[in-house]
Each structure stands twice: as structure tokens, then as C-alpha cells.
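In order, the protein sequences belong to chains A and B. With positions in the first sequence counted from 1, the corresponding number in this note's numbering is that position plus 195. With positions in the second sequence counted from 1, the corresponding number in this note's numbering is that position plus 195.
Mixed in with the good hints, there may be bad ones.
It does not matter which identical chain is used: a pair holds within one copy or between any two.
Within a straight-line C-alpha distance of at most 25 angstroms, the following computed DSS-like cross-link-like pairs (lysine-lysine) qualify [what the hints assert, rightly or not]:
1. K541 - K497
2. K538 - K497
3. K460 - K270
Treat the hints as calculated values from the structure; they're not laboratory data.
Protein chains: 2
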Amino acid sequence: MTIQQGQQPLSRRQMIQGGAVAAAAFAAPAIVRAEEVHQWKMVTTWPKNFPALGTGANFLASIIEEMSGGRLKIKVFGDKELVGAFEVFDTVSRGTAQIGHGAAYYWKGKQQAAQLFSAIPFGLNPQEMNSWLYYGGGLQLWTKLYEPFGLIPVPIGNTGVQMGGWFNREIKSVEDLKGLKMRIPGLGGEVLKRAGGTPVSLPGGEIYTALQSGAIDATEWIGPYNDQAFGIYKAAKFYYYPGWHEPGTTLEGIINKKAYEALPKDLQAIVWNACKAANLEMLSELTAKNNDALESLINQHKVQLRRFPDDVLRHLRKMSDEILAEMAAADPVFKEILDSLYKFRKQVSAWHAVSEQMVLESRGL
Amino acid sequence: MTIQQGQQPLSRRQMIQGGAVAAAAFAAPAIVRAEEVHQWKMVTTWPKNFPALGTGANFLASIIEEMSGGRLKIKVFGDKELVGAFEVFDTVSRGTAQIGHGAAYYWKGKQQAAQLFSAIPFGLNPQEMNSWLYYGGGLQLWTKLYEPFGLIPVPIGNTGVQMGGWFNREIKSVEDLKGLKMRIPGLGGEVLKRAGGTPVSLPGGEIYTALQSGAIDATEWIGPYNDQAFGIYKAAKFYYYPGWHEPGTTLEGIINKKAYEALPKDLQAIVWNACKAANLEMLSELTAKNNDALESLINQHKVQLRRFPDDVLRHLRKMSDEILAEMAAADPVFKEILDSLYKFRKQVSAWHAVSEQMVLESRGL
Chain A
196 MTIQQGQQPL SRRQMIQGGA VAAAAFAAPA IVRAEEVHQW KMVTTWPKNF
246 PALGTGANFL ASIIEEMSGG RLKIKVFGDK ELVGAFEVFD TVSRGTAQIG
296 HGAAYYWKGK QQAAQLFSAI PFGLNPQEMN SWLYYGGGLQ LWTKLYEPFG
346 LIPVPIGNTG VQMGGWFNRE IKSVEDLKGL KMRIPGLGGE VLKRAGGTPV
396 SLPGGEIYTA LQSGAIDATE WIGPYNDQAF GIYKAAKFYY YPGWHEPGTT
446 LEGIINKKAY EALPKDLQAI VWNACKAANL EMLSELTAKN NDALESLINQ
496 HKVQLRRFPD DVLRHLRKMS DEILAEMAAA DPVFKEILDS LYKFRKQVSA
546 WHAVSEQMVL ESRGL
Chain B
196 MTIQQGQQPL SRRQMIQGGA VAAAAFAAPA IVRAEEVHQW KMVTTWPKNF
246 PALGTGANFL ASIIEEMSGG RLKIKVFGDK ELVGAFEVFD TVSRGTAQIG
296 HGAAYYWKGK QQAAQLFSAI PFGLNPQEMN SWLYYGGGLQ LWTKLYEPFG
346 LIPVPIGNTG VQMGGWFNRE IKSVEDLKGL KMRIPGLGGE VLKRAGGTPV
396 SLPGGEIYTA LQSGAIDATE WIGPYNDQAF GIYKAAKFYY YPGWHEPGTT
446 LEGIINKKAY EALPKDLQAI VWNACKAANL EMLSELTAKN NDALESLINQ
496 HKVQLRRFPD DVLRHLRKMS DEILAEMAAA DPVFKEILDS LYKFRKQVSA
546 WHAVSEQMVL ESRGL
């Protein structure tokens with residue numbers, strides 16, 4: 196029904212007494228449909244209902260069902276419920292599930308370049324990642340990368356800037372990185388290794404004990420909200436910042452291309468835009484919850500914050516640039532994406548140095 | 196149709212040969228609907244197709260039409276096409292249009308507190324605004340504020356951090372603010388006045404001439420992308436940062452409550468989530484375009500960037516705090532909202548000082 200000027204809007208109950216009846220009664224233009232109900236499965240790399248990330252996947256499924264009027268129902272599976280976290284890519288590629296939620300760096304075994312779409316050390320923050328992906332050519336490159344796998348990638352959320360991690364050893368100079376045993380996966384781990392440290396791979400569940408027993412000197416995890424829930428502060432002396440290795444990790448959606456194309460156009464649009472809405476939602480939630488958690492870590496749990504010294508950050512950045520350049524030299528696809536990312540970083544660094552950064556600084560003057 | 200494991204997905208053509216037929220043919224569960232077509236009007240405060248803001252409103256209308264399969268069509272009107280910019284609030288409140296797009300500070304004549312939902316000097320950046328609104332209680336307060344007008348508010352976009360403005364006089368100390376004739380509306384203007392300057396109100400179209408003739412010494416506008424399109428650089432010596440007065444201005448959607456409630460639930464969900472998608476979209480676009488524009492302003496147009504000195508920013512912040520405190524003392528509703536905003540700013544400043552700000556700084560080391 197069209198609400199015209201001056202016309203008294205009818206109540207929801209008056210207006211709809213069963214779809215077809217209402218349409219006839221008000222002689223409004225009508226579209227008659229008999230719509231199929233589509234049932235999708237979403238496999239995720241998170242434990243079921245994992246704070247903000249797993250619940251973000253639930254949120255996505257719920258708004259798609261609401262917007263589609265129940266015509267597209269998505270059942271969400273946590274890690275190991277249908278398949279294990281590291282099988283998510285293949286499961287969606289094969290079409291056993293129609294959509295997946297995780298992070299692109301898990302798929303470097305498929306394509307080294309995939310990890311460029313989650314985060315690189317000293318790379319882009321969340322707002323910048325979204326801008327690069329949607330308006331800086333990033334999403335086109337990502338789409339091309341996943342095309343051979345029958346997958347459509349799409350950003351669905353961002354962890355926000357992560358923390359540098361929990362340390363039982365103080366880092367006062369680059370010398371202190373030497374021999375440092377730290378749980379830090381991916382590119383961050385490679386960088387630490389080149390700086391003389393020993394990156395260790397450990398699943399989340401074993402971090403606490405390893406830190407407490409001294410098997411590792413340090414660990415990174417996510418940010419205050421997730422770190423607090425994990426209780427890591429009880430086993431570490433210092434909480435370091437910034438998270439140079441993951442300055443704004445994009446969470447990844449992968450959609451089976453055939454399943455997507457089999458949807459009617461309106462459901463395709465619903466899925467696509469729901470991912471954008473969920474993207475904003477997750478970062479908004481994490482920002483607010485990280486605020487609260489950081490406050491509580493400092494005030495209730497007396498956590499000691501430490502900042503990596505400038506020369507340590509400079510050194511880590513140098514190592515990071517070297518490693519990424521080597522990877523680009525070995526892989527033209529990696530190079531094409533890294534070049535695009537670097538070009539965007541250069542431009543946005545100039546812009547955000549006079550805008551975002553200055554606004555944050557000016558509040559602290 | 197459900198895509199099951201191992202089942203060969205049918206092509207879009209095979210599957211849908213007219214809605215009802217396809218549903219019967221594949222014996223899938225189906226929802227039969229005869230849906231009305233809803234026609235909405237969107238009035239905006241922007242000139243038609245105004246870069247990023249007006250085109251953002253167009254984007255919102257287009258995704259709503261796509262997601263609804265044409266069941267909700269929204270015709271977008273620019274400033275003066277249906278009503279003037281400053282009539283948008285009343286027009287939607289009355290139901291002549293069902294949705295509006297603009298910025299809340301235009302409505303301080305209705306409620307002083309409205310402007311707190313666009314931006315305050317030294318307030319929140321875009322990511323923080325979204326987080327405050329969606330997870331910090333902001334949207335509830337905004338909803339309560341607009342309830343008497345029959346309006347539902349919703350964030351739809353953000354300009355990003357704005358620039359400090361274009362100056363023909365250098366600002367080296369707080370003394371230089373005295374007697375400064377500057378086009379700067381709203382709270383920013385109040386702050387400048389208290390600092391000894393003369394805020395001037397001028398519509399966009401008159402800024403260039405006023406600056407060139409010396410009738411004003413300075414003007415703020417938006418950011419590099421919109422400023423460049425306006426050509427202001429040709430009439431000014433210096434481009435100052437940061438935009439202390441508008442650190443991340445939320446663009447406002449207002450929806451007529453009765454019109455919204457008259458929609459079926461699925462269309463309500465589509466409208467609501469489309470606003471989130473458009474919110475992300477607009478900021479992503481502006482971030483990328485501001486990058487390009489700043490680069491071109493500096494390299495092609497040889498614009499000279501200047502940073503406000505620390506003591507000037509400190510002074511402006513002091514004036515701003517005073518003014519906001521006075522407004523809160525005079526208006527309990529204003530106070531309730533300002534308190535919520537300040538509480539959030541305090542927390543998020545602590546969090547972003549060790550995350551966002553440090554990441555941006557560490558890239559420049």
C-alpha cells in the first residue's frame with residue numbers, strides 16, 4: 196500500500212489479513228509470487244557462538260531470514276559441528292555448505308595471496324580495509340583469486356585493531372625479540388622469526404597452560420573483549436600494544452557461486468547487502484565491548500599496559516616489508532594484490548595522518 | 196530450492212520459469228504471496244546527486260528496491276525538488292514523505308539535543324559514532340528524542356573526519372582566532388565565537404566569492420573530495436587540519452513511524468538493514484575518494500597543508516567543553532544524551548589510544 200499525503204495510514208492489522216486478501220481489498224498494484232524456501236548451511240571457523248565472531252555469523256543468518264520473509268533460511272554450524280574449521284573453504288567450494296564465515300589467512304595453503312585479504316603487518320585499519328575492498332579494487336582482486344574455487348568472497352566483519360599480545364618478558368629493544376618464544380601464527384610469526392624470535396603454533400585452548408608453564412614467553416590473541424573472556428591476563432605480566440601484526444583483520448564470507456546464482460535476484464541482493472550490514476554490526480559491537488573490557492582489565496584485574504618501543508616497531512616493519520617483498524617476487528598474483536594494497540596504504544596513510552590520527556591525538560592533548 | 200550435498204544445482208533458468216510453476220515443479224516448500232507494491236518518497240537535504248551524500252541516498256533507494264524485488268520503490272528528491280532542505284524533518288514527520296536523509300544538527304530548532312547525533316567538537320570518529328549509536332545506547336536516546344515527532348532515526352552514512360577548513364590567515368596561536376571571520380555553522384561556530392572569532396553563516400554557493408573578496412578569512416566545508424569539487428582551493432592560501440569541530444559526522448535517516456509500521460515485517464527488516472549497508476558504503480566511498488582528492492590537491496593544485504597548533508586545539512576544546520556544559524545545564528534531555536556520549540568518549544579514547552591511534556602512528560615511524 197502506498198502511503199499518500201494526507202491519507203490516514205492503516206494499522207498493520209487492518210492492512211494485512213493474509214497477503215492476497217489485503218492486496219485485493221486495497222486495489223493496490225500487486226506482485227503475485229509463489230516463492231520457494233531455500234535452505235542454506237553456513238559453516239564457520241569459530242566455536243559455536245564464539246563472542247562477536249560466531250554471534251556475528253548468527254546475526255547475519257537472522258537478518259537474511261527476516262529480510263527474505265523466511266524464504267532463505269541459514270543454519271549456522273560452529274567449528275566441528277558439520278566440519279572442522281580448516282575444512283570450511285573446501286566445504287563451501289564443493290557446495291556441501293552454501294556459505295562460510297572465517298578469515299582469509301586460513302587459506303594460504305590454497306593460495307598464498309589469500310592472507311592479504313585478512314590483514315598484513317602494519318597494513319590497513321578496519322575502515323581502510325573496507326574502503327580498499329569496496330572502492331580501491333580489493334574485492335575485484337579477491338573475487339578473481341577465488342574464482343577457480345567456485346567461491347564468491349565478501350567481507351563480513353572486522354575484529355578491529357588487535358592487541359600486541361600478552362608477555363611475561365619485557366620488550367625494551369630489538370634485542371629482547373631474540374629467542375622470544377611466542378604463540379603468533381601467520382605473517383606475524385614469520386616477521387618475529389626473522390627478528391630472531393621463535394613463533395609457536397598453538398590452538399586457542401592450549402595457550403593459557405603454555406603461558407603459565409613458561410613453555411612460551413608470550414602470546415597474541417585478539418583484543419581486550421576476547422582476551423578477557425579467555426582469562427589470559429591471569430598468566431601474563433604485561434599487555435602490549437599496538438597489534439602491529441593485525442591492524443584490522445577482515446572477517447571473510449565465502450559464498451558458493453552456483454548456490455548464489457541459483458537464488459532469485461532479490462535474495463541475491465539480500466545476501467549481498469546483509470553481509471555489509473553484518474560487517475558494520477560486528478565492528479560496532481567489538482568497539483563497544485573492547486572499551487568495557489580494557490577498562491575492566493586495567494581497573495579490576497590490574498593489567499599492566501606496555502607500548503612497544505619505536506625502534507622495535509620500526510624493526511618489525513622492516514622485517515615485514517622484506518618478507519612481503521620476497522613473497523611477491525615468488526608469486527605474481529601475490530604481487531598484484533600486494534601492489535594494490537600498498538598503493539592504497541600510501542594514499543590513505545597521507546589522508547588519515549591529517550584526519551583520523553589527528554582527531555584521536557587532539558582528544559588526548 | 197534447497198541445494199543439498201551432492202545434488203547438482205540447477206541453473207537459474209531451469210529453476211525459475213515463472214514463480215508458481217517452478218515451485219510446483221520441484222515440489223519444494225513454498226510461500227505463496229500476493230504482495231502490494233509500496234511507493235515511498237525520500238526527501239533529502241542535499242542537492243540532487245550531491246557527491247557521496249546525495250548519491251549515497253540513491254544507493255540506499257536502489258538496494259531497497261532490489262532486496263524487496265520491486266515491492267518497495269523509493270523515489271529520491273534533492274533539495275528543493277519536493278521541499279527545501281530545512282523542511283525535510285517536518286515533511287517526513289507529517290508523512291508527506293516516508294523517509295528523509297540529512298544530518299541531525301539541522302533540527303536543533305526542534306530539539307537542541309538533536310545536533311549531538313551528528314557530531315560534537317572533539318567528539319567521536321565514524322567508527323566510534325556507529326559503536327556508540329548501536330552498542331553504547333545512542334540510538335535508544337535518539338529514538339526517544341524523535342518519538343514525539345512520529346519519526347524513527349537511523350544512521351545512514353558518515354562524512355568521515357572533516358578538514359579544519361580553508362584559511363587566508365595563518366593560525367599560529369589562540370590570538371589569531373580573535374577577529375577571525377569564518378564560515379562555520381553550528382556548535383563549531385559557537386566555539387569560535389567564544390574564542391573571539393566571528394562565525395558567519397553562508398550557504399555553500401556563496402562561500403567561494405566571500406572568500407575571494409575577503410568578506411570572510413576562512414571557511415570550513417567537508418573534506419578533500421567535496422572541497423575539491425567545490426574549487427575552494429583557488430580562493431584560499433592554507434588548508435588546515437584536523438576538523439576538530441566535526442570529527443566524524445553521522446548522516447541521518449528519519450523514517451515516518453506509521454509508514455514503517457505499515458510495512459510487512461520483511462520490508463521493515465530490509466529498510467533497517469539497508470540503512471546499515473548504506474552506512475558502510477558511504478564511508479568506504481568517501482575514504483577512498485578523500486585519499487585521491489587530497490593527493491591531487493597537494494600535487495596538482497599545490498595546496499599548503501597546515502596543522503592547528505596544540506595550544507589552539509587545547510583552547511578550542513576548553514571552549515567547547517564549556518559551551519556543551521552550559522547547554523546541558525539548561526536542558527535535561529541534552530544533558531542525558533551528552534552524558535552518554537561523554538561516557539562513551541572516555542572509554543573509547545582509552546581503547547583507541549592504544550589501538551587505532553597507535554596503528555596509524557606506527558605506520559609513520
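Hints and how they fare:
1. K541 - K497: between (38 angstroms within a copy, 19 angstroms between copies)
2. K538 - K497: between (41 angstroms within a copy, 21 angstroms between copies)
3. K460 - K270: The answer is both: 21 angstroms in one copy and 21 angstroms across copies each meet 25 angstroms.
In this structure, none of the earlier numbered hints is contradicted; all agree with it.
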